[in-house]
Amino acid sequence: MPYSVVGKSVKRVDAVAKVTGKAKYTDDFFERDMLVGKILRSPYAHAIIKSIDVSKARALPGVEAVLTHLTVPKVKFPTAGHPYSLDPSHRDKADRLILTDKARFVGDSVAAVVAVDELVAEKALKLIEIEYEVLEALTTPEAAMREGAPLIHEDCEQNILASRGYSFGDLEAAFSESDFVFEGEYETSPVQHCHLENQVSYAYLDGEGRLVIVTSTQIPHIVRRIVGQALDIPWGGVRVIKPYVGGGFGNKQDVTIEPLNAAMTLAVGGRPVKLELSREEAMIDTRTRHAFKFRIKTGLTKDGKINGIYIAAVSNTGAYASHGHSIASSGGGKFRYLYPAQAMKYEPVTVYTNLPVAGAMRGYGTPQIFFAYESHLDEIAHKLDMDPIELRQKNFVQVGHVDLLSKNRILSCGIRECVAKGKELIRWDEKRELYKNQSGDKRRGVGMACFSYASGTHPVSIEVAGARIVMNQDGSVQLQVGATEIGQGSDTVFAQMVAEVLGLPVEMVHVISTQDTDITPFDTGSYASRQTYITGMAVKKAAEEVKAKLLDFVWGMTDIPAETLDLRERNIVFKHNGEVVMPLEQAAMQTYYDTVFGRPLTSDTSNNARVNAIPFGVTFAEVEVDIKTGKIEVLEIYNVHDSGRIVNPQLAQGQVHGGVSMGIGYALSEQLLFDEKTGKTLNNNLLDYKLPTIMDTPDIGVGFVETEDPTGAFGVKALGEPPVISPAPALRNAVFAATGVALNRLPMNPQRVFEKFKQAGLI
Amino acid sequence: MAKKISFTLNGKAVNFEVDVRESLLDVLRYRLGYTGVKKGCGVGECGACTVLVDGMTVDSCIYLAVWADGREIRTIEGIAQDGELSVVQQAFVEEGAVQCGFCTPGLVLTTTALLESGREYTREELKRELSGHFCRCTGYKNILKAAEKSLEAGKRQCEE
Amino acid sequence: MYDIQGYIEAESVSDAVALLASNPRLKIIAGGTDVLIKLRHGQMEGAELLSIRKIKELERIEQLADGTIVIGALATFAQIFHEPIIHNNIPALAEAAVSMGGPQIRNVATIGGNICNGATSADSASTLFALDARLRLRSSAGERVVPVQEFYLGPGKVDLKPDEMLSEFLISPAGFRGFGGHYIKFAMRKAMDIATLGVSVMCKISGDVFREVKIGLGVAGPTPLRCVEAEEFAKGKAIYAETLAGIGRLAVKSTNARTSWRASREYREHLVEELTQRALHVAIVRAGGAEIG
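If you read the protein sequences in the order shown, they are chains Y, A and V. Residue 226 in my numbering sits at position 226 of the first sequence; the count goes up by one each step and never skips. If you count the second sequence from 1, you need to add 1000 to reach my numbering. If you count the third sequence from 1, you need to add 2000 to reach my numbering.
Worth flagging that the hints you see were computed from the coordinates, not collected in a lab. Certain hints may be false.
Said to hold, decoys possible - The list that follows gives simulated cross-link-like pairs (lysine to any residue, SDA-like), each with its CA atoms no further than 25 Å apart:
| # | chain 1 | residue 1 | chain 2 | residue 2 |
| --- | --- | --- | --- | --- |
| 1 | A | K1149 | A | R1074 |
| 2 | Y | K126 | A | M1001 |
| 3 | Y | K549 | Y | D474 |
| 4 | V | K2204 | V | E2164 |
| 5 | Y | K24 | A | D1082 |
| 6 | Y | K442 | V | E2266 |
| 7 | Y | K442 | A | A1153 |
| 8 | Y | K305 | Y | G236 |
| 9 | Y | K126 | A | E1124 |
| 10 | Y | K436 | Y | E624 |
| 11 | A | K1145 | Y | L425 |
| 12 | Y | K305 | Y | G148 |
| 13 | Y | K680 | V | R2025 |
| 14 | Y | K758 | V | E2212 |
| 15 | V | K2054 | A | R1074 |
| 16 | V | K2235 | V | T2259 |
| 17 | Y | K11 | A | M1001 |
| 18 | A | K1149 | Y | K442 |
| 19 | Y | K123 | V | R2025 |
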């Protein structure tokens, strides 16, 4: 069915506000006499606080309050931005205090100051005297799991947070029936989100004594709940407001500064207090991407059919659980869809270490596992002397496949078409042939890698989304959703969906971008690439409800049965021939002011999704490797996605560009570095942390294979996170093709490439 | 330590007392309410706080407010004229160069300065001139397209 | 807000040096891209700043009648990059200038600050070394002129007395006339980065032999440095690949690179050897020589 607005590249609903500087972010609001909060951070990676003396700090003029673990509630709370679970065994680990009594990483929050300005606050921090008992800093999973290592959290033996995996089929049999069993080891590094807007919030008590927190978050409703938990106050006593957000990428799918900010305002009688992290702080004390180590075994027949897969993984979650083992679990879960084997065993271990906390980041465990497995597959293809594409094609999932564990059913799958399209875009066959036998100092190669993902979290978590629509007198509508716009463009896509259903131009759909937990419908937030799919369905249902109510109303006005009517171009029309019955505005006015039947039209809908559509895609890349310096230059890169129907091609392409760019950084340059002895972060600033500049970013090509998934509104599937998954392995495979050197550790930065080339005798 | 300074802000004369400890960013954002000037790092690494000082791009976070004395300062709030988007703003909207929007004001200002320079830039030069802005959302592709479109449109305007 | 305790604006060089003489706590601020960042990071506290920003004469870039190029300490990297005198005579310095930071930083950061900061990674330093630049230092007692090589005393340490200020760089024609030069900044990014290694070479050729080669390196030791041994070796040698390889190998001998989290000593040394040759390839052509295949 052709759509009039869905599928069009309409302009972002917030574009004008953002190019004119009118879009207001958290720090753009001011409260009169706002105080400033600052955090004192532990200089030790692992240390017990023996005593704290705040008297000098408290005495400094301009200091309004000094907070320590002794003055804030001692209630352990979880921070992950997951929906609450009624099943206690399914809840996130509650291992965090607002201010800690034991430092678990360099930068851990041990005290805080509220003062009249930042200079005073910073001076006061220096006056706080803390006596520490320093413990051994465990900076690697190996050290942390060692027999006799000190425990970072008392209740986790060997510092293992969790090790739940999965297994199905008879793996031993699958391996013994295989002609080959290949093994490989792979490793990824911690990286950081680097959203341009750092974490910032301000909090105060309103006139009724309720706690108000304005914050840059992806998950306002979850912030409300967790602040309630952390302060041990009723959740309804907390109001969270989310203005425009300057990027999140998962880092704001976590509750980081809000509980402390709330404690700060409570410490000063409810006066407004702002808590803003500097870039240096944000890079230490928010979240990172979990570093993984993998050991993989794959059994195949000689013609390349995968019989069995074994994956062992060690995931480093840092000092606190945050999303913890969910990352390893989710990565392993989403991986399962692409190459269903008869037997598989996944054994992940998530380990605490004395490093900054790892949490959610775009891709949520999948960039790691796909880097490992897609690299592994290329080595297998090489050993079997088979084209890497051919090997994958023999193993791709088919429509109709039902995942044994999640019970999610593949109802649409365009991976084969994605690969075909990408292959053509990069001119695969021609270049594979051309770059076969190179020997110079600059060598080129092409590589590819695939992925599967998910749309939302079903069946792991509840997938509930709310949408509310109010129709105005002129037929325009307001749309409110609980899901959050953080830059990805969800507000625009929702506006298009409403416009499509109600026959309105997009300009007549006013999306309320701000979420306010007192006002907006409930939705767990922006994560898991769920908005277009999960919230989108809620939006569509709300619009359809308004439409049904309106057509019913018109039936009452005209005696023309609602089922024969439709909405098109701001008119109520006959469905069969499009003839105008009356202008929409006329009907809308009647809904407001008809003295007998007047009843303004609204809808307040909640969608609880118990489905999950699986998106797929592929990256194709061409590189040139400078053998002597170890530098890798990306010459061409294409991402081709099956994300179901694309609601807004321009925005969708933008999502892919950003994801690929982030994937290139992950592959080639980005890594948060720590001193192995002390656990201190070495490069927590944008100069030393190498996220790509415009000059480092190649022209990024994008393709879509538009399948139509019946479970998504208008046939959509997830797109937000997927673009970041496959660039790194595709680039690694391109370097492998160019040089024959297997770079199995990320990032492939010049220093590391140099070392590997040296080992391989290329230098 | 207070100091009186006079400068032009988006075409209007301003006489203002600043603290020598304040950055231009501090004054524009927190004292004058020009919140389109964004703060992403505070140390000149991200470009979000870019403003134009006498037509030249400057990271306002590492530019003392007292230095604005006698200068002509432009922020994103002064780019649209009479409610009409500028050529650059229009290009950013049309090319989908905006996502979270936090880097956008700075990039619009840098592109505006490039347009007003009257120079022509190759694609590589243009990338170099835009390289003082980090963006984590867009992979820079549509930003580059928007900048190219702005300069093209500017050239056409000049020729007309 | 910055932790600044005092701020004075000097109107002239003599004004500035008099103020410096009267208060040794004064810290000179020009572009501010180093000083303000140090303040932000708490590496400096309660600073008493002496601004030299209004001293117009320090912004000049000019060529004297004898061919000497004078670059004022306040010349910004953007200004140096766009200056025809620099482009026409010492393009390697223009290359160095445009490699520094990003455009907004280049618009305000000054070459004087870059050198007085004392960092081995200063983008302008290796080229100024290769050019045999001299620094004019002024104080209330007078002035002295110091070769850039002698100005660097150690990491972050320069030969600038508390009452002295740098007023300008002097580059004699002997340092650049007849030379072809090239600067390579090797960094992890193409912009907004500090050098893993900076290599600046100048060479003068006659026919197919090197008459003189000068190699300045940054981040190859605690301070920028010259590769004297390699330079001596090159003199009079025929210009072909083996000579270049020899120069590259010998260049390493002058270095004292260290292993840090940014790069290993071994890798930096390898880069010195490789990039010195690559820079020479370009410099030779600029000096009028033929490309080496």
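Each hint, compared with the structure:
1. Taking the CA atoms of K1149 (chain A) and R1074 (chain A), the gap is near 22 Å; set against the 25 Å cutoff, the hint holds.
2. With a CA separation close to 23 Å, the supplied pair K126 (chain Y) and M1001 (chain A) stays within the 25 Å bound.
3. Restraint check for K549 (chain Y) and D474 (chain Y): satisfied, since their Cα atoms lie roughly 16 Å apart, inside the 25 Å limit.
4. Distance check on the hinted pair: K2204 (chain V) and E2164 (chain V) sit about 35 Å apart at the alpha-carbon level, beyond 25 Å; violated.
5. Straight-line distance between C-alpha atoms of K24 (chain Y) and D1082 (chain A) comes to about 20 Å, which keeps the hinted pair within the 25 Å bound.
6. Pair hint K442 (chain Y) plus E2266 (chain V) holds up; C-alpha atoms about 21 Å apart against a cutoff of 25 Å.
7. Only pairs whose Cα atoms come within 25 Å are accepted, and K442 (chain Y) paired with A1153 (chain A) is rejected, the gap being roughly 39 Å.
8. Distance restraint check for K305 (chain Y) and G236 (chain Y): the Cα-Cα separation of roughly 55 Å exceeds the 25 Å cut-off, and the hinted pair is therefore not satisfied.
9. A threshold of 25 Å between alpha carbons decides the hint, and for K126 (chain Y) with E1124 (chain A) the separation of about 47 Å lies outside it, so the pair is violated.
10. Pair hint K436 (chain Y) plus E624 (chain Y) holds up; C-alpha atoms about 14 Å apart against a cutoff of 25 Å.
11. Between K1145 (chain A) and L425 (chain Y), the direct Cα distance comes to roughly 21 Å. Compliance with the 25 Å bound is thereby established for this hinted pair.
12. For the hint pairing K305 (chain Y) with G148 (chain Y), the CA-to-CA distance comes to about 44 Å; that exceeds 25 Å, so the pair is violated.
13. In summary, the hint linking K680 (chain Y) to R2025 (chain V) is not supported, as the alpha carbons are separated by about 32 Å, beyond the 25 Å threshold.
14. With a CA separation close to 33 Å, the supplied pair K758 (chain Y) and E2212 (chain V) exceeds the 25 Å bound.
15. Between K2054 (chain V) and R1074 (chain A), the direct Cα distance comes to roughly 21 Å. Compliance with the 25 Å bound is thereby established for this hinted pair.
16. Simply put, K2235 (chain V) and T2259 (chain V) have alpha-carbon atoms about 32 Å apart, too far for the 25 Å limit, and the pair is violated.
17. Pair hint K11 (chain Y) plus M1001 (chain A) does not hold up; C-alpha atoms about 47 Å apart against a cutoff of 25 Å.
18. At most 25 Å may separate the alpha-carbon atoms for a hinted pair to count; K1149 (chain A) and K442 (chain Y) exceed this at roughly 34 Å.
19. Of the supplied pair hints, the one linking K123 (chain Y) and R2025 (chain V) holds, its CA atoms being roughly 21 Å apart against a limit of 25 Å.
Taken one by one, the earlier hints fail for this structure at numbers 4, 7, 8, 9, 12, 13, 14, 16, 17 and 18, listed in ascending order.
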